[in-house]
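Asker: Residue numbers (this note's numbering), protein chains in the order written: chain P, 2 to 306; chain F, 21 to 351; chain Z, 19 to 357.
It should be emphasised that the hints constitute simulated quantities derived from the structure, not laboratory data. Yeah, the Cβ is synthetic: ideal placement off N, Cα and C, and Gly gets one too. Hints may be right or wrong, so weigh each one.
Unchecked claim - Lysine-lysine pairs mimicking DSSO-like chemistry, simulated, CA-CA at most 27 angstroms apart:
1) K166/Z - K179/Z
2) K166/F - K179/Z
3) K145/F - K158/F
4) K305/Z - K158/F
5) K145/F - K166/F
6) K305/Z - K356/Z
To be verified - Here are a few chain P residues that sit away from chain Z, every Cβ distance over 12 angstroms (derived from the structure):
7) I79
8) E195
9) Y196
10) G245
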Amino acid sequence: MKAWRRFRGSYFFYSFRRDPVALASFSIFLFLVLVSILAPVIAPHNPYDTSTIDVMDAEIPPSWMNGGEERFWLGTDIQGRDLYSTMLYGLRTSVVIGIGAVLFQGILGIVVGLTAGYVGGRVDSFLMRVADIQFSIPYLIVAIITSAVFQLAFGVGRFEQLAMPLLIVIIGISEWPKYARTVRASVLGEKQKEYVEAARVIGLNPARIMYRHILPNTLTPVLVISTIQVAQAVMSEAALSFLGLGMPVTKPSLGSLIKAGFEYVFSGSWWITLFPGILLVTFTLVVILFGDWLRDVLNPKLYKG
Amino acid sequence: MTHLLEVENLEVKFALRFGDLTALDDISFHLDKKEKLGIVGESGAGKSVTGFAIINLLSKPGYIAGGRILFEGREINRLSDEELRQIRGNLISMIFQDPMMTLNPVLTIGTQMVETVMAHCRVGKAEARGLALEKLRKVYIPSPEKRLEQYPHEMSGGMRQRIVIAIALLTNPGLIIADEPTTALDVTIQAGIMDLLTELCETEEMGLILITHDLAVVSRVTERIAVMYAGRIIETGLTHEIVGHPRHPYTIGLINSLPGTRRAGSRLEQIPGMMPNLTAIPAGCAFHPRCFFAAEECRRTRPELSAVNGGRHWAACLRLDQTAGPNHLHD
Amino acid sequence: MPNSSTPLLSIRHLVKHFDISGSLLDQLTWEKGRLRRRRTTVKAVNDVSFEIRRGETLSVVGESGCGKSTLARTVIGLYPPNRGKIIYGDQRIDNLSARQMLPYRRRMQMIFQDPYASLNPRMTVARTLEEPVVFHNPSMSGAAAAEKVADVMRQVGVDPKWADRYPHEFSGGQRQRISIARALMVDPEFIVADEPVSALDVSIQAQILNLLMDAQDQRGLTYLFITHDLSVVRHISTRVAVIYLGTLCELAPAADIFSRPRHPYTQALLSAIPRLGEQRSQHIRLKGEVPTPIQLPTGCVFNGRCRYADARCREEVPVATPLGPDALVACHRVAEGKL
Chain P
2 MKAWRRFRGS YFFYSFRRDP VALASFSIFL FLVLVSILAP VIAPHNPYDT STIDVMDAEI
62 PPSWMNGGEE RFWLGTDIQG RDLYSTMLYG LRTSVVIGIG AVLFQGILGI VVGLTAGYVG
122 GRVDSFLMRV ADIQFSIPYL IVAIITSAVF QLAFGVGRFE QLAMPLLIVI IGISEWPKYA
182 RTVRASVLGE KQKEYVEAAR VIGLNPARIM YRHILPNTLT PVLVISTIQV AQAVMSEAAL
242 SFLGLGMPVT KPSLGSLIKA GFEYVFSGSW WITLFPGILL VTFTLVVILF GDWLRDVLNP
302 KLYKG
Chain F
21 MTHLLEVENL EVKFALRFGD LTALDDISFH LDKKEKLGIV GESGAGKSVT GFAIINLLSK
81 PGYIAGGRIL FEGREINRLS DEELRQIRGN LISMIFQDPM MTLNPVLTIG TQMVETVMAH
141 CRVGKAEARG LALEKLRKVY IPSPEKRLEQ YPHEMSGGMR QRIVIAIALL TNPGLIIADE
201 PTTALDVTIQ AGIMDLLTEL CETEEMGLIL ITHDLAVVSR VTERIAVMYA GRIIETGLTH
261 EIVGHPRHPY TIGLINSLPG TRRAGSRLEQ IPGMMPNLTA IPAGCAFHPR CFFAAEECRR
321 TRPELSAVNG GRHWAACLRL DQTAGPNHLH D
Chain Z
19 MPNSSTPLLS IRHLVKHFDI SGSLLDQLTW EKGRLRRRRT TVKAVNDVSF EIRRGETLSV
79 VGESGCGKST LARTVIGLYP PNRGKIIYGD QRIDNLSARQ MLPYRRRMQM IFQDPYASLN
139 PRMTVARTLE EPVVFHNPSM SGAAAAEKVA DVMRQVGVDP KWADRYPHEF SGGQRQRISI
199 ARALMVDPEF IVADEPVSAL DVSIQAQILN LLMDAQDQRG LTYLFITHDL SVVRHISTRV
259 AVIYLGTLCE LAPAADIFSR PRHPYTQALL SAIPRLGEQR SQHIRLKGEV PTPIQLPTGC
319 VFNGRCRYAD ARCREEVPVA TPLGPDALVA CHRVAEGKL
């Protein structure tokens, strides 16, 4: 309660309320996340339930068009699934992968960056070279090789089951150096400060100094890049799925929906790819706009307590 | 008689989200050629804002809300930007605590000095270079020809501050405003810079406004001082008068709290509390919550500067009859 | 009153150099047609020896970059010395492991210069103050720790009801009080104070100096006081050590050093202090600039700027020799009796 009152009185909250872009983008973001979490409740159909899908319903246009049906507000895709429901479920998959990948890369990157920055010397050089190497390998190559090896080794069926954790790991692995570098840079700055020396004079052990004293002071830039990283992870997932390396058609994500619909754009069924596309763009756009605002307001040079 | 600089009832405000904040209130002082005025105060007293207001370099959201600033009889707070640019740097130069605020780290000293000259007067490059060398000699820079080719980072802090002074001299200013010019420097270098500024005032016939928190430095260099507290001048007059016989309780406390003035190892006399934030300046006399002499009237009435000791000394205090006392310096 | 002549801590021939040559690639230079590896070291502290006596305030003065802060941090154990010994009581402490060092950690504490950087901005005052005491007494109950926090906060003049606030809610002077409170939490006997008042306003300086002197009286503390402000030194110190380029020039009782400085550098330094109410001083102008601590001058480190330097000063390093019962001076001319 006290923390909430402190937050409400803060400069952060004040500038949030004053900024229409921040307000709008955060509300839309919150709305989309809520909708995706509540997809099973909201969606009129369950796209995972094969018994309710009828191929005869395939490629029905949106309800307001000629040939549209009341049952399917935004039309259906080529398998006859209700597009609106499938998009809600797809958004859910995308959000889970996006946030999961960011958590994965964040934790990995923070641990590496903190260790490299605080310990310094050879450990620092080694870890940062690893990060550089990781950074110089495009994630597409990582994704292609990993999913190819996985499909070969365990078969396509098993791949479909494990696609989501696998995507989280692939996107996470390819992006962690960003966190490692950001955290290391702020650790190098914080390490110089006298409160860290004070902690050493008390006799605290390095792990405690790293995690209790330095880490909380490096989280501001981490928070800022995290928003951008969520947007990026969602787009990466979409790109991988579009290339057929991501979520299978039976477990739709926004990316795989766009891909599935893309082949039918020229045969007239544009809605299958357009609506998921708009949803994807909206989602990433609001996340990026919110991240921009966050970066401006949390910039220590502008921050006024 | 017109003074070199005359500041009359200057008022500076900051436009903030919860309304205007008064940073300077009713500041008046004047300065003649060859004269050295010290503006003394602790951080937040408004002494730097005064300097910035005079050269009209107040950064947003600060603005001059009232009063006049006259330089050689011309009212400079009403001039256009173009006219101002002529005056700022041409007739008034400013020196900052950090020399790197003036110096550009990626240009050589020579380039920066020549550019400054050529921006202000119509001279050729060779002539500008000659002028730069002349000014560098004035500030006692050894082997000035060599220095022109160097970058700021190749020099020590004291040398950089001398270069900044040389740059300030390039336009033959009538007034130099030095904001804590030696605070970042070591004592042995500090003394040299102060001697240099004093000497230049004499030889170049300039006025000097020395803004600092260091009473000892001010007392060594200036003829007159103004002590500021919470955006107002609370005591002003001849330096030796104020340092020897301070009358405002704040000045008395400030002088007595200096470690050099008392027997080693004894408790220092301390002013309780701290300077109020500009958002919460107490009513009446702003100093009353920290004052030993405060009475009921101090809570309500704001004191104006009034003459003590026949016009050589002014203090803004309602209890001046109480503060005369023995010389607080040597107890 | 403990015997004032027993050293609480002595340092012997302390040397601290920093290697700033960077990676292997940065070290390689091409010289006379050959590839050479060259290391750059900053010689921050060079062969400094002195003793700190129980209950005294030993001030270390010098100009910026003279190595006084490095000396302080080496003494407290933040930097390992390259050579020399640090002896606390009768135990050598510079070669102890972190675990062996723990009992000494609660006997020696440090106060820092910058009140804005010396407190963790994400920790409340209560947590900052509790941490050292709970760390050193794991069995202590929460209530006992909270009581101790309130106790020490009262001692340093900060209202204990503000314990739940964050550092940014306090002014510079109050933060410095909290920083002092953190050092006092473990009831140390020796405190290294690195420029504790130089970031503060004049009227606040007096408050903090009084607080430090009161704490010394009440707790019998010993201070190693690092500062560049000579009027503070004169007020607070028992003895004063003057450092130039990482080398000890002179060490003497405070009263003596101000009335009769012996070393030419001390003389120049003291003559430069501006005094209140004093018009134009007759300060000794030093010629030249402080040499870099990367390449120390041969002989006496001060010889290039000294008015009295002769051939011997340029070749032979002067050793700090006792001069009277309490004083040390490292100068050939003083040793020869010519000054």
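Asker: Is the straight-line distance between the alpha-carbon of K145/F and that of K158/F 27 angstroms or less?
Answerer: Holds, at roughly 20 angstroms.
Asker: Closest CB-CB distance from G245/P to chain Z, is it above 12 angstroms?
Answerer: G245/P is indeed farther than 12 angstroms from all Cβ atoms of chain Z, at 44 angstroms.
Asker: Are all beta-carbon distances from E195/P to chain Z longer than 12 angstroms?
Answerer: Not fine: 4 angstroms to the nearest Cβ puts E195/P too close to chain Z.
Asker: Would the least Cβ to Cβ distance between I79/P and chain Z come out above 12 angstroms?
Answerer: The claim holds: I79/P sits with its nearest Cβ about 53 angstroms from chain Z, beyond 12 angstroms.
Asker: Within a Cα-Cα threshold of 27 angstroms, do K305/Z and K356/Z meet the stated pairing?
Answerer: holds, 21 angstroms
Asker: Is the Cβ of Y196/P farther than 12 angstroms from every Cβ of chain Z?
Answerer: Since the minimum Cβ distance to chain Z is about 4 angstroms, Y196/P lies within 12 angstroms and the statement is violated.
Asker: Hint check: K166/F vs K179/Z, CA-CA at most 27 angstroms. Holds or violated?
Answerer: Given pair K166/F, K179/Z is violated - Cα atoms ~61 angstroms apart, limit 27 angstroms.
Asker: Holds or violated: are the alpha carbons of K145/F and K166/F at most 27 angstroms from each other?
Answerer: Judged against 27 angstroms, a Cα distance of about 17 angstroms means the pair holds.
Asker: Does K179/Z sit within 27 angstroms of K166/Z, going by the straight-line distance between their CA atoms?
Answerer: holds, 13 angstroms
Asker: Going straight from one Cα to the other, do K305/Z and K158/F come out at no more than 27 angstroms?
Answerer: The hint holds at about 17 angstroms.
Consistency with the previously given hints fails for numbers 2, 8 and 9, ordered from lowest to highest.
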